[in-house]
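There are 2 protein chains.
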Amino acid sequence: MKFAVLLSGCGVYDGSEIHEAVMTLLAIDKNNCEYEIFAPNISQYHVINHLTGEAMQEKRNVLVEAARIARGKIKPVVEYKALDFDGLILPGGFGVVKNLCTYAIDGINMKVDKVVEKAVIETHAAHKPIGALCIAPVLIAKILGDVEITIGTDPETASTIRSLGARHRNTSATEIAVDYKNKIVSAPCYMICTRISEIAESADKVVKAMIELAEAKS
Amino acid sequence: MKFAVLLSGCGVYDGSEIHEAVMTLLAIDKNNCEYEIFAPNISQYHVINHLTGEAMQEKRNVLVEAARIARGKIKPVVEYKALDFDGLILPGGFGVVKNLCTYAIDGINMKVDKVVEKAVIETHAAHKPIGALCIAPVLIAKILGDVEITIGTDPETASTIRSLGARHRNTSATEIAVDYKNKIVSAPCYMICTRISEIAESADKVVKAMIELAEAKS
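If you're matching them up, the sequences are chains A and B in order.
Each residue of the first sequence is one higher than the one before, starting from 485 at the first, in my numbering.
Each residue of the second sequence is one higher than the one before, starting from 485 at the first, in my numbering.
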């Protein structure tokens with residue numbers, strides 16, 4: 485099987501959460517599947533100095549920075565075709581809600597990157613599984629509406645998810661939520677987890693559930 | 485036990501190789517040890533666009549970029565004290581040979597960052613284990629001289645290591661080399677490995693060997 489991994493930059497505060505992204509790649513490889521990595525070819529919302537937490541006066545490109553995690557093997561998400569893959573996985577990090585959509589800035593009135601939106605809609609329409617870690621389920625709720633997902637237990641985010649027409653299920657650190665009908669697998673990861681080994685465990689559970697969903701007749 | 489991880493930026497071509505860095509953290513955590521992350525507070529040698537492989541007209545700081553891998557929890561290496569840790573681990577990536585030392589630019593005539601040099605010498609003098617992944621053993625050979633290490637099988641790099649007064653042992657993808665006398669553990673990682681699961685396996689072997697060395701009477 486072959487999964488597409490959709491990144492949003494490189495670094496938890498303005499891009500993809502690096503541990504979640506890398507553990508997703510590891511989980512796919514350990515389960516004897518292949519991966520291709522994608523990211524939108526757009527400017528980051530901003531650049532955060534990860535030492536101080538403050539915004540920097542710089543411009544960076546999401547695809548170019550995500551290429552760091554991908555060791556250069558990455559494609560613009562506009563080239564993603566759902567039919568070429570057995571599923572699509574989105575690791576978390578603020579990049580999901582600053583670059584792929586604007587939830588971190590605009591809240592419930594968020595805008596979604598059109599190419600990312602198309603990728604998610606196509607994957608869902610093709611009855612292929614979608615995995616979403618950490619805060620990424622918010623984006624899935626915004627795009628697909630009536631699905632069951634988890635971001636852990638954070639009441640405000642869970643409330644947003646319900647406002648978007650989706651159902652939220654509370655989960656503990658390394659638990660996952662599986663919406664069998666819509667083939668959505670989600671996990672709280674660093675919304676709750678405090679150890680990197682918990683991220684490895686979560687990503688592995690997500691990938692295993694996606695493999696099962698991909699094998700099931702649609 | 486508690487290990488210090490020394491990073492050199494964030495991204496294989498101008499900083500720490502991200503998979504090796506993250507797998508090092510995972511291996512430490514999985515083996516029920518703790519880690520603290522360090523990097524030198526210096527400018528990167530340059531910034532490489534990881535999509536095109538070309539240099540960019542930008543300046544970035546090694547500590548600030550390494551903070552992305554560390555999720556902000558990182559200290560300047562000048563604060564590292566060997567006595568506070570059970571060992572020091574250096575993941576690979578071109579950052580080791582562009583930022584921590586200048587092997588990638590100056591070859592055998594490389595210069596070494598003075599603070600990094602002091603950290604390695606102090607750790608060795610305190611009879612604590614040092615782990616070095618991928619290209620990082622070249623830096624250890626430059627600083628410590630007569631130690632046994634591996635960077636895999638690359639003849640040119642192995643020859644440099646011998647010119648520096650160290651011994652090179654050829655190894656295969658997930659093999660490690662252990663210099664018991666000097667407590668140096670090295671592994672070729674992406675000098676040979678092609679799969680991220682091999683990096684996870686290598687990092688786990690390195691950490692387990694370091695734990696054994698740290699437990700042994702010095």
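The set of hints was computed from the structure by calculation and includes no laboratory data.
Keep in mind it's a predicted model, so treat the numbers as computed, not measured.
Be a bit skeptical, because a hint or two may be false.
Identical chains share a label here; the pair holds if one copy fits it or two copies do between them.
Cut-off 27 Å, straight-line C-alpha distance, at most; resulting in silico cross-link-like pairs (BS3-like, lysine-lysine) [what the hints assert, rightly or not]:
#1 K692 <-> K565
#2 K565 <-> K602
#3 K595 <-> K689
#4 K665 <-> K557
#5 K692 <-> K595
#6 K689 <-> K514
#7 K543 <-> K559
#8 K514 <-> K598
#9 K514 <-> K692
#10 K559 <-> K665
#11 K514 <-> K543
#12 K543 <-> K486
#13 K595 <-> K486
#14 K665 <-> K543
#15 K689 <-> K598
#16 K543 <-> K692
Is it within, between, both or neither when you check K665 against K557 at 27 Å Cα-Cα? neither (33 Å within a copy, 40 Å between copies)
Between the shortest in-copy and the shortest cross-copy C-alpha distance, which are at most 27 Å for K559 and K665: within, between, both, or neither? Neither, since 30 Å and 47 Å both go past 27 Å.
Classify it for me, K514 with K543: is the Cα-Cα distance of at most 27 Å met within a copy, between copies, both or neither? neither (35 Å within a copy, 37 Å between copies)
With 27 Å as the alpha-carbon cut-off, assign the pair K665 and K543 to within, between, both or neither. Neither. Shortest intra-copy (41 Å) and inter-copy (49 Å) distances fail the 27 Å Cα cut-off.
Classify it for me, K543 with K559: is the Cα-Cα distance of at most 27 Å met within a copy, between copies, both or neither? For K543 and K559, both the intra-copy (20 Å) and inter-copy (25 Å) Cα distances are at most 27 Å.
For K565 and K602, with the copy left unspecified, which applies at a CA distance of at most 27 Å: within, between, both, or neither? Only inside one copy: K565 and K602 sit 10 Å apart there, 51 Å across copies, limit 27 Å.
Within, between, both or neither: K595, K689 at alpha-carbon 27 Å: neither (30 Å within a copy, 45 Å between copies)
Measure nothing new, just compare the shortest in-copy and cross-copy C-alpha distances for K692 and K565 to 27 Å and report within, between, both or neither. Within. Shortest intra-copy distance 22 Å satisfies the 27 Å Cα cut-off; inter-copy 42 Å does not.
Is it within, between, both, or neither for K595 and K486, if the alpha carbons may be no more than 27 Å apart? neither (29 Å within a copy, 44 Å between copies)
What label fits K692 with K595 when the C-alpha limit is 27 Å: within, between, both, or neither? neither (31 Å within a copy, 47 Å between copies)
Have a look at K543 and K486 and pick one of within, between, both or neither, based on CA distance no larger than 27 Å. Neither: 33 Å inside a copy, 37 Å across copies.
With 27 Å as the alpha-carbon cut-off, assign the pair K543 and K692 to within, between, both or neither. neither (37 Å within a copy, 41 Å between copies)
When the structure is compared with the earlier hints, violations turn up for hints 3, 4, 5, 8, 10, 11, 12, 13, 14, 15, 16 and for no others.
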